[in-house]
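Next come the chains, spelled out residue by residue.
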Amino acid sequence: MSKVIIKLENDISTDDIYPGRFMATVLPTETPQFAFFDRTEFNAQLKAKAFPAGSIIVGGENFGCGSSREQACSTLKGHEVAIVAKSISRIFLQNSINLGLQVVICPTIEASEGDELEITADQVLNKNTGKAFEQVKLPAARKGIMDAGGLIPYTRARLIAKA
Amino acid sequence: MGMTVVEKILARAAGQASVKVGDVVEPQVDLAMSHENAALVINQFQEVFQGTGIEPKVWDPSRIAIIFDHRVPAESPKTATNHKKIRGFVAANGITKFHDVRGDVGGICHQILPEYGYVRPGFVVLGTDSHTTSHGALGAFSFGVGATEMASAWSLGIAVNIEVPATIKVVVKGDFPPMVGPKDLILHLIGKLTAQGANFKVLEFHGETIRKMSTSGRIAICNMSVEAGATSGIVPGDEETVRYLREEAGVTEPIPCVTPDADATYVQTVEIDVTALEPQIACPHMVDNVKPIGQVLGTKIQQIVIGSCTNGRLDDLADAAAILRGKKVAEGTRMLVFPASSKIFAKALDLGYIHDFMKAGAVVMNSGCGPCLGVHEGALGDNEVALSTTNRNFKGRMGNPTGEVYLCSPVVAAASAITGVITDPRKG
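Residue numbers (my numbering), protein chains in the order written: chain E, 1 to 163; chain G, 1 to 428.
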């Protein structure tokens with residue numbers, strides 16, 4: 001069970017998650033400092049490690065829209081947060097699966113900041129309201145990548161099999 | 001059952017007789033494009049090979065393109081060092097489709113790929129840039145991926161686990177009125193579909209308006225298809241595609257085009273008549289917040305931007321220069337122009353457009369992504385407002401979270417530069 005640390009609006013762009021001016025920084029060890037940089041207070045809390053691993057960011061529709069920058073996923077993975085959103089933009093979803101950032105698509109989710117959520121195999125349970133919300137399954141095509149723990153180990157295994 | 005263009009392309013590239021929506025395929029990659037973020041792709045690529053005992057070599061150096069455009073010339077030692085690292089990788093792997101920071105062959109990736117004939121109809125193109133959708137303008141299935149996905153393609157030569165996307169058919173008819181064009185059409189369409197209306201789907205463009213449209217205009221509409229969430233925009237190849245590749249890109253090989261079957265299945269059909277279309281403006285802070293120009297006339301503008309992968313081509317510059325010729329950029333407004341490629345820059349110089357811009361008071365910058373993503377030149381001051389021909393207006397996009405960005409066509413930007421407020425070019 002984990003706490004909702006922030007509830008965000010619809011159409012959260014990758015510029016919001018990881019502003020373009022930090023794109024020269026690419027290493028997953030360095031990107032976390034710039035997460036939601038222009039949301040000054042939230043960025044400061046993330047950097048101060050105010051939230052335990054597994055804490056949840058709740059998004060609305062079209063979470064992660066915009067750029068293909070992978071930093072938008074590595075920066076969140078660095079903080080070990082999970083994303084629960086009503087819908088997720090294609091490239092962001094793909095990048096999250098590839099990097100092993102936990103993302104959950106939950107079209108009807110109702111949750112407020114501070115609520116405790118439990119993510120089960122196919123639902124999200126809001127412990128504060130007692131309501132359960134169905135998940136949309138992640139693309140079946142990507143199951144192999146998820147099972148392998150990300151696209152790098154998956155590709156490595158394919159490469160070895162080919163050699 | 002008939003297939004859409006993208007279904008046909010994926011079937012061919014995956015070595016199958018046919019595919020249908022939802023099938024999982026692994027198409028061969030015909031072209032893999034990256035820009036400065038190749039620095040991250042290289043890291044991920046090397047990590048793939050770690051501990052395997054296999055020498056880290058890219059699958060086919062002739063199918064990889066790397067173009068420096070996002071931060072050129074380098075804005076920081078960090079970027080300059082990334083550039084240097086990529087140059088080393090390019091040399092070590094024998095990558096030939098490499099465009100460095102240069103005034104002769106440099107430019108923005110989404111202009112360089114068509115301009116040098118790197119993209120052909122029927123190709124599967126992956127790019128580590130969301131606007132890789134641009135290359136659908138040449139009849140290719142072209143989509144954006146992250147750096148790790150590109151590292152996987154560099155290693156295996158295929159796009160792994162691709163789900164065949166559903167296609168929305170967009171049929172456009174009518175002639176554009178004066179001062180209205182492809183940019184207004186795509187902004188109008190994004191407003192209609194919303195920012196996620198085409199998420200996980202392809203936009204396939206048809207109709208007399210598209211058939212009559214230049215490749216430049218088609219690049220603009222495919223470029224911005226991703227702003228409706230589309231995996232890819234695509235204009236099935238036709239006579240104009242072949243003309244462009246022969247005459248402008250110098251391609252001499254045969255150019256077979258892929259067209260959809262008459263009984264192909266579409267998830268949705270959208271019809272648009274442009275006969276009465278007005279200039280369209282995407283208002284802060286979302287690209288689908290689109291209004292006809294009449295609703296925002298008079299909005300004060302501090303920075304006008306003309307250029308980018310969306311609208312930095314020769315016809316865009318010609319249209320803007322024609323409006324600015326002999327006029328002055330308003331006091332209190334600054335205007336920045338960045339052509340989409342060095343070749344376009346040189347032609348605009350020969351044709352006098354650059355002179356027109358400079359005499360009007362505009363600053364002409366080198367080809368590159370410039371101010372579009374707020375990382376390099378042309379940042380906004382606190383609470384400043386920009387009017388730009390680029391493709392995104394998200395909060396903070398032009399380098400300042402308190403700034404505002406309106407998106408428009410080149411003629412709207414040029415007419416507004418003279419007055420300093422959003423101005424209808426039909427009445428200028």
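Where hints are given, some of them may not hold.
[Said to hold, decoys possible] Some chain G residues close to chain E (C-beta under 7 Å, calculated; not the full set): (1) 269; (2) 286; (3) 289; (4) 396.
By construction, these hints were calculated from the structure, which means they are not laboratory data.
Even for Gly, the Cβ is constructed at its ideal location relative to N, Cα and C.
Q.
Is the interface hint satisfied for residue 289 of chain G? The criterion is a beta-carbon contact with chain E at less than 7 Å.
A. With Cβ-Cβ at 10 Å, over 7 Å, it is violated.
Q) For the hint on residue 269 of chain G, does the least C-beta distance to chain E fall short of 7 Å? A) The hint is violated - residue 269 of chain G has no Cβ within 7 Å of chain E, the shortest such distance being about 21 Å.
Q: Report holds or violated for the interface hint on residue 396 of chain G, using the least CB-CB distance to chain E and a cut-off of 7 Å.
A: holds (5 Å)
**Q.** Given hint residue 286 of chain G near chain E, where the shortest CB pair must fall under 7 Å
**A.** Result: holds, 6 Å to nearest chain E Cβ.
Of the hints listed earlier, those the structure fails to meet are numbers 1, 3, in rising order.
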